[in-house]
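As you go down the protein sequences, you meet chains V and B in turn.
With my numbering applied, the first sequence corresponds to residues 1 to 283, in that order.
With my numbering applied, the second sequence corresponds to residues 1001 to 1283, in that order.
Calculated from the structure, these hints are not laboratory results.
No residue lacks a Cβ here, since even glycine has one placed at the ideal position from N, Cα and C.
Heads up, some of the hints might be wrong.
Result set (DSS-like, lysine-lysine): computed pairs, CA atoms no more than 27 Å apart in a straight line [said to hold, decoys possible]: (1) V:Lys98 with B:Lys1104; (2) V:Lys142 with B:Lys1238; (3) V:Lys60 with V:Lys98; (4) B:Lys1051 with B:Lys1080; (5) V:Lys60 with B:Lys1051; (6) V:Lys60 with B:Lys1104; (7) B:Lys1175 with V:Lys98; (8) B:Lys1104 with V:Lys51; (9) V:Lys142 with B:Lys1104; (10) V:Lys80 with V:Lys142; (11) V:Lys98 with V:Lys142; (12) V:Lys51 with B:Lys1175; (13) B:Lys1060 with B:Lys1192; (14) V:Lys51 with V:Lys61; (15) B:Lys1238 with B:Lys1098; (16) B:Lys1104 with V:Lys104; (17) B:Lys1238 with V:Lys51; (18) V:Lys51 with B:Lys1098; (19) B:Lys1051 with V:Lys80; (20) V:Lys104 with B:Lys1060; (21) V:Lys104 with B:Lys1098; (22) V:Lys51 with B:Lys1080; (23) V:Lys142 with V:Lys192; (24) V:Lys104 with B:Lys1051.
With the Cβ distance kept under 7 Å, some of the chain V side facing chain B (calculated, not the full set) [as the list claims (entries may be wrong)]: (25) Ala119; (26) Gly123; (27) Gly144; (28) His179; (29) Val182.
2 protein chains.
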Amino acid sequence: MFGEVMNGKKQLSRRDLIIGAGKLAAGTAGIAAISAGALGLATKAEAAKKKSSEIPWPYKKLSSGEIKRVAELAHDNWFKGFCTYATLSGIVGMLREKVGEPYKSFPLEAFIFAHGGTAGWGGTCGTLIGSGIAASLATGHKTGEQIANEVMEYYSETELPTYIPDRPKADLKAKSISHTPVCHISVGRWMKAEGIEEGKGAEGIGFLSVQQMERCARMSANMAIRTVELLNDWADGKFRAAHTSPVMSNHIPSQNNCSDCHGQNVPTPGPFGTGLHILGGGH
Amino acid sequence: MFGEVMNGKKQLSRRDLIIGAGKLAAGTAGIAAISAGALGLATKAEAAKKKSSEIPWPYKKLSSGEIKRVAELAHDNWFKGFCTYATLSGIVGMLREKVGEPYKSFPLEAFIFAHGGTAGWGGTCGTLIGSGIAASLATGHKTGEQIANEVMEYYSETELPTYIPDRPKADLKAKSISHTPVCHISVGRWMKAEGIEEGKGAEGIGFLSVQQMERCARMSANMAIRTVELLNDWADGKFRAAHTSPVMSNHIPSQNNCSDCHGQNVPTPGPFGTGLHILGGGH
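This is chain V alone, in the form it adopts within the complex (with noise of 0.2 Å):
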């Protein structure tokens, strides 16, 4: 499909192909449609499983008391499998019983792999990548992204974490704001505002601080909290993408304060990959 567009035509944006992709989500499940039919599926059990491939899956709206147990969960959830998984398992335990099937279905564990910003790498928050996989279940891949993209801006500039949970495993004094959604970056400033350093100010240290994993468990309930407003928003007709990924506005991949990291040595000057051309301009 985009092979036709590519090989007729030399020029494509990056939007095109975020547009093209929605036409082919919508065309391949078509497709899947007519071929379900096409070969007289034996069993309803197995109409059910070739469906859960396909997205959105149904979705109810969370009351606030069920919101509340959601939070729970991805708090306590991080104590299990860490960021993602603690994000993830927080939504998707809910809607396991409040909706069922194919969240039962769905295998929680396998993206456990991507905590502490991938497998320990310190890149892009495991709670982001949680709330992604859980807003493109309930709304497709397009909305879903687009709330991924309201999730790490809410990430990015708000003072975290700020949820109080239930069963905390630590006190906490700060909140800080991260201005990324990069996980090194985003502790590393969290634990300079705590006044925590590795055998200092820290609580009973193994490795990590007692203080830096309840942190990042707060911010697994906050962000799997801040997933639900928008898929119950979007349940009511009312979400919208209120900002724009950051690749639309840069032409590449990038955050949108580049100078915060790379200080005044951003590697690739021009007109892409610094975002000095939108600061001011809000992101």
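Since chain V is already given, all that's left is putting chain B on it; use the hints.
Relative to chain V, chain B alone:
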């Protein structure tokens, strides 16, 4: 489980947590098996559906011809759903054919959002998210994370892309070493090596150049190939985790080459956060 550990003993390392998570997974599987028996599930189909929530799923070694098909699918699928979808659908698409369920029911489009370092924010390269999901489905979360870590190491320290697809969208001259799993740095370094700037040196720019898209499509193929090679090693009982996750070395999720981005101004001096104590020791 961790709660009990945490309440009784405030010392808890991330290594303990990771080991504990493995035990937990085994425990959960055991409980699920007992529950399934006790509840006397009505149908085999229902039992099968329950089971798909648990990993690992069946894996069969792929032949060199099948790995070639994985790579072609990954490359071509980049133009349908970008990097995460490309790598993941390349592997899972082949396993749908070779193994069948539960791969056929897995909702591949739910991971499109993770492209471009997650919704285009330039964080962890989406190919690595796709790789980690596929590896976790096939081997479970513990080995899946080890494979993800090895693929990230390969991504970061290898001259790439090396894969030449059957249906390229553009001719590429350059390979580059990213020294990071982070999308915007990896893309930027390759663009510099290829001599591409916006409106200069690139064929038919809409907004991303065709060359950059082709490069990322080939990266998706390279990561899919590497993942399957490690899955095949695992199937043969030969997989060994050769590298330690940086979180283990640095006591914070991170890369090992902080000064590569931060220069001399690493924001979190001290025993963790700098990576300096292990520089020269390899990673």
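Hints versus structure:
1. V:Lys98 with B:Lys1104: 25 Å, holds
2. V:Lys142 with B:Lys1238: 40 Å, violated
3. V:Lys60 with V:Lys98: Holds, because 7 Å separates the two Cα atoms, which is no more than 27 Å.
4. B:Lys1051 with B:Lys1080: 30 Å, violated
5. V:Lys60 with B:Lys1051: Distance of about 24 Å is within 27 Å: holds.
6. V:Lys60 with B:Lys1104: Status holds; Cα separation ~25 Å.
7. B:Lys1175 with V:Lys98: Given pair B:Lys1175, V:Lys98 is violated - Cα atoms ~49 Å apart, limit 27 Å.
8. B:Lys1104 with V:Lys51: 10 Å, holds
9. V:Lys142 with B:Lys1104: 21 Å, holds
10. V:Lys80 with V:Lys142: Measuring from Cα to Cα gives roughly 30 Å; hence the hint is violated.
11. V:Lys98 with V:Lys142: Distance of about 24 Å is within 27 Å: holds.
12. V:Lys51 with B:Lys1175: 41 Å, violated
13. B:Lys1060 with B:Lys1192: Given pair B:Lys1060, B:Lys1192 is violated - Cα atoms ~40 Å apart, limit 27 Å.
14. V:Lys51 with V:Lys61: 22 Å, holds
15. B:Lys1238 with B:Lys1098: This hinted pair holds, its Cα atoms lying about 21 Å apart.
16. B:Lys1104 with V:Lys104: 16 Å, holds
17. B:Lys1238 with V:Lys51: Violated, because 36 Å separates the two Cα atoms, which is more than 27 Å.
18. V:Lys51 with B:Lys1098: 20 Å, holds
19. B:Lys1051 with V:Lys80: 20 Å, holds
20. V:Lys104 with B:Lys1060: This hinted pair holds, its Cα atoms lying about 25 Å apart.
21. V:Lys104 with B:Lys1098: 25 Å, holds
22. V:Lys51 with B:Lys1080: Holds: V:Lys51 and B:Lys1080 sit about 20 Å apart, inside 27 Å.
23. V:Lys142 with V:Lys192: 37 Å, violated
24. V:Lys104 with B:Lys1051: With a Cα-Cα distance of about 10 Å, the restraint between V:Lys104 and B:Lys1051 holds, given a limit of 27 Å.
25. Ala119: 4 Å, holds
26. Gly123: Interface hint status for V:Gly123: holds (3 Å vs cutoff 7 Å).
27. Gly144: 5 Å, holds
28. His179: Violated, because the Cβ-Cβ distance from V:His179 to chain B comes to roughly 12 Å (cut-off 7 Å).
29. Val182: 6 Å, holds
Comparing the model with each numbered hint stated earlier shows that hints 2, 4, 7, 10, 12, 13, 17, 23, 28 do not hold.
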